[in-house]
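Colleague: The residues making up each chain are set out below.
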Amino acid sequence: MGRGLNRFLLKLVLLALPVVVGYEILYRLRIYPVLTNSQLFDNKMLDVQRHPPGGVKLMAMGSSVTLYDLDSRMLGQDLGVTYYNFASWGMQMTDIGVVLQALVKEYRPSYVLICSSPRDFVNPANGSYFDYAGTASWIRERFPEYFYLRNYNPVHVLYRRRFKSPRPHFDAWGGAAVDEMWKGVVRQDFDEHLDFPTPGTELQYRALDSLCAFLRAEKVGLIFVQAPMEARYVNTAARRQVLAAHFERCRAIVEARGQDYLNYYDTTVFKDSLFADLTHLSSAGREVLTEKMVTDLRRVLN
Amino acid sequence: MLFLSLPFLLFFPVFFLLYWYVFDRSLRAQNWLVLAGSYFFYGWWDWRFLFLLIASSLLNYLLGLLLARTNRDGYRQLLVGVGLVQGLGCLLYFKYFNPLLPLGISFYTFKTISYLLDIRRGKIGPERDWVVFFSYVAFFPCVLSGPIDRPGVLLPQLKARREFGVEQGVDGLRQILWGLFKKVVIADNCSRLSADIFGHYATQPVSGLVLGAFLNTIRIYADFSGYSDMAIGVGSLLGFRISRNFHYPFFSRNIAEFWRRWHITLTSWLTEYVYLPLSIYFRDYGKPGQIAAILINFALIGIWHGPRWTYLVFGVLHGCYYIPLILRGALNKKGGTGGIKMVGTFVLVMLTFVMFFSGSMREAIGYYRRMVSGPMFAGFTVEEGVSLWVTMVSILLMFGMEWWQRDKEHPLQIDGVKPFALRLFIYYLLLGMVLTFGPTNFTEFIYIRF
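Taken in order, these protein sequences are the chains called R and F.
Per this note's numbering, residue 961 is the first one in the first sequence, and the count goes up by one each step.
Per this note's numbering, residue 5 is the first one in the second sequence, and the count goes up by one each step.
Bound conformation, chain R alone (with noise of 0.2 Å):
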């Protein structure tokens, strides 16, 4: 019976050798697994382990604002510290929390730079970041092939993920221009204003609060800093008076743990010319901001 079992477990393991080798091919060929619900998030973290950016000094890390407000070529040459920007499309407080528990581990950062706007304390959390966080970091880092299995979808889907959904052009820190985004996209959001806060915004202040303690047992510093955004968004004296709230709110929360908080809301400086949509500016805004920025950073690096 023995040699018969035997026989039958290497027929059966030469059976699925080819299906092994096909998924193989489907990483190399960048058709990667479904890590997150975030494909931008996916692609970027599978290329950055396909790519690894080496040490990083100054971490990058949170939603389509720190994404795009962020000028790399200032940051990454200027400031004259390794830099990377981890950041993607719409990810909470609470994601950005579970995904830095990861990545403060995996490159040791020096600091942490998050670019904030209201809108990343309004959803829940979403559950796929705290799978994919949860995962071993030696699979994630050395066999990330293991979630073609663990996050089973099709290969049809995984290949319209690749070559039909849009996605931005990283540059070398990992950034990405606002504009590619837009192009040959007609605005809708012209009425669209502040609306906060929502039922997710009190886990999100908690997430804050979290994350900001772990930063510090970690002791890596955080710099977090309020973006600027249209000056139409927040239209009404009322909205003003909550986002106002909303600033004091997360720098009580940052300051209480020893941590920065810089604030450039201010619609003098940043008029809406300066932005591509509502809370992301344009090449030129990002620019100014990143500029002022860097300032402001040496300060706090040295």
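Worth flagging that the hints you see were computed from the coordinates, not collected in a lab.
Check each hint, because a few of them may be wrong.
[Stated by the list, open to error] If we take Cβ atoms under 10 Å as the criterion, some of the chain R residues that face chain F in the derived model are:
| # | residue |
| --- | --- |
| 1 | Gly-982 |
| 2 | Ile-985 |
| 3 | Val-994 |
| 4 | Val-1117 |
[To be verified] Label pairs and their computed distance ranges (CB to CB):
| # | chain 1 | residue 1 | chain 2 | residue 2 | range |
| --- | --- | --- | --- | --- | --- |
| 5 | F | Phe-384 | R | Ala-1173 | 56 to 62 Å |
| 6 | R | Asp-1226 | F | Arg-52 | 55 to 61 Å |
| 7 | F | Glu-413 | R | Arg-1122 | 49 to 55 Å |
| 8 | R | Gly-1087 | F | Tyr-25 | 50 to 56 Å |
| 9 | R | Gln-1009 | F | Asp-50 | 53 to 59 Å |
| 10 | F | Asp-50 | R | Asp-1256 | 35 to 41 Å |
| 11 | F | Arg-132 | R | Phe-1090 | 22 to 28 Å |
| 12 | F | Leu-13 | R | Gln-1009 | 19 to 25 Å |
| 13 | F | Phe-101 | R | Phe-1207 | 52 to 58 Å |
| 14 | F | Asn-102 | R | Gln-1009 | 21 to 27 Å |
Positions of the beta carbon are idealized from the N, C-alpha and C atoms, including for glycine.
Based on the hints, put chain F in the right spot on chain R.
Modeller: Structure of chain F alone, referenced to chain R:
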């Protein structure tokens, strides 16, 4: 734990290796492993209901031993009655009065009931080895959704030394692949497409409603028979021969033949323990008595599915379809040859499944009404064209394979196909379709909730 889940994918290879390489020296050790594995498998979903499974096994084990000790008819009836009240009481309570239904409760309850009834009738003796009996009740390939193996079939296999047969193992793997194809490529895609149609039936044209009914009929078959195939395949890998549950039911030429081929283990269970006793009870009434027995039998099938009028009507309708056969004395005849009878039976079954899948009587009647009064094609849309075409091609492939292999246990029994490369091509074609055209999220097996 479900077959289509990462935990099972990790659990089963470990179990398989332990089963054949470590615990194969003694039968008792192997049965201990089966029992432990079955409880682990079942408890993975909700460990609290594991206690119900164990308690039910214990009670029926003791009742079986007591039954063997006495010849007093009244006492034996009382013992069987206790088992029936416990089994059916739990089933009734959880199905009708508790929002949380323990998975597989119907299936293991049917097993324990048939165990007691078979002892009572003298068909089998009581099982004295509790590990064997508890393993029979909780046997993990079948505990969630059948097939419902009778004690006379499974208990002897648990008591006999099992040898790994390469042929049986290979056949098991093929059947798992076939089940996987049916579940992942056909059932889950049909589910998505038909849910869209059923969800908006009021605005669908007749063509859309017919397509919805067709897809749902295929879905329930592919889902349930796919699960059964996987269960039988897993059993084969462990050296067990599990009873067949489906025998190409859509090639039936009348409704009686359909039910002899559909969910065979449940139908034969009900025939033996419900229909035949009722037939005997009503025998003095001739054909009306036979009709009454059939109607009660199918009403029970309907209400077994749950507390919905649509299920009851679904069952009774099927019972009614038997009436012409009974009146013509053609109940056990095969119904002659010809594709037209097969198509006719399929259409009847398909239209009746509209009742099964409707959330309420109002919805079912609305669906039927729209089927006869709506526009033929105007406004017909489906969610995704590509998915529909892939699904349709897969359904054709399934029917083609089933027709080609209709005298075999399952369509992938293709040893006669030469050369080997062609067989290999068929395996990889099916596997490729599973990996390429499956759904983003697997839907739960339909019958797990029954």
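Colleague: It remains to establish, for every hint, whether it holds in the given structure.
Modeller: Structure-based check of all given hints:
| no. | hint | result |
| --- | --- | --- |
| 1 | Gly-982 | holds, 8 Å |
| 2 | Ile-985 | violated, 13 Å |
| 3 | Val-994 | holds, 9 Å |
| 4 | Val-1117 | holds, 6 Å |
| 5 | F/Phe-384 - R/Ala-1173: 56 to 62 Å | holds, 57 Å |
| 6 | R/Asp-1226 - F/Arg-52: 55 to 61 Å | holds, 58 Å |
| 7 | F/Glu-413 - R/Arg-1122: 49 to 55 Å | violated, 41 Å |
| 8 | R/Gly-1087 - F/Tyr-25: 50 to 56 Å | violated, 38 Å |
| 9 | R/Gln-1009 - F/Asp-50: 53 to 59 Å | violated, 37 Å |
| 10 | F/Asp-50 - R/Asp-1256: 35 to 41 Å | violated, 54 Å |
| 11 | F/Arg-132 - R/Phe-1090: 22 to 28 Å | violated, 50 Å |
| 12 | F/Leu-13 - R/Gln-1009: 19 to 25 Å | holds, 24 Å |
| 13 | F/Phe-101 - R/Phe-1207: 52 to 58 Å | holds, 54 Å |
| 14 | F/Asn-102 - R/Gln-1009: 21 to 27 Å | violated, 48 Å |
In this structure, the earlier hints numbered 2, 7, 8, 9, 10, 11 and 14 are contradicted, and the remaining ones agree with it.
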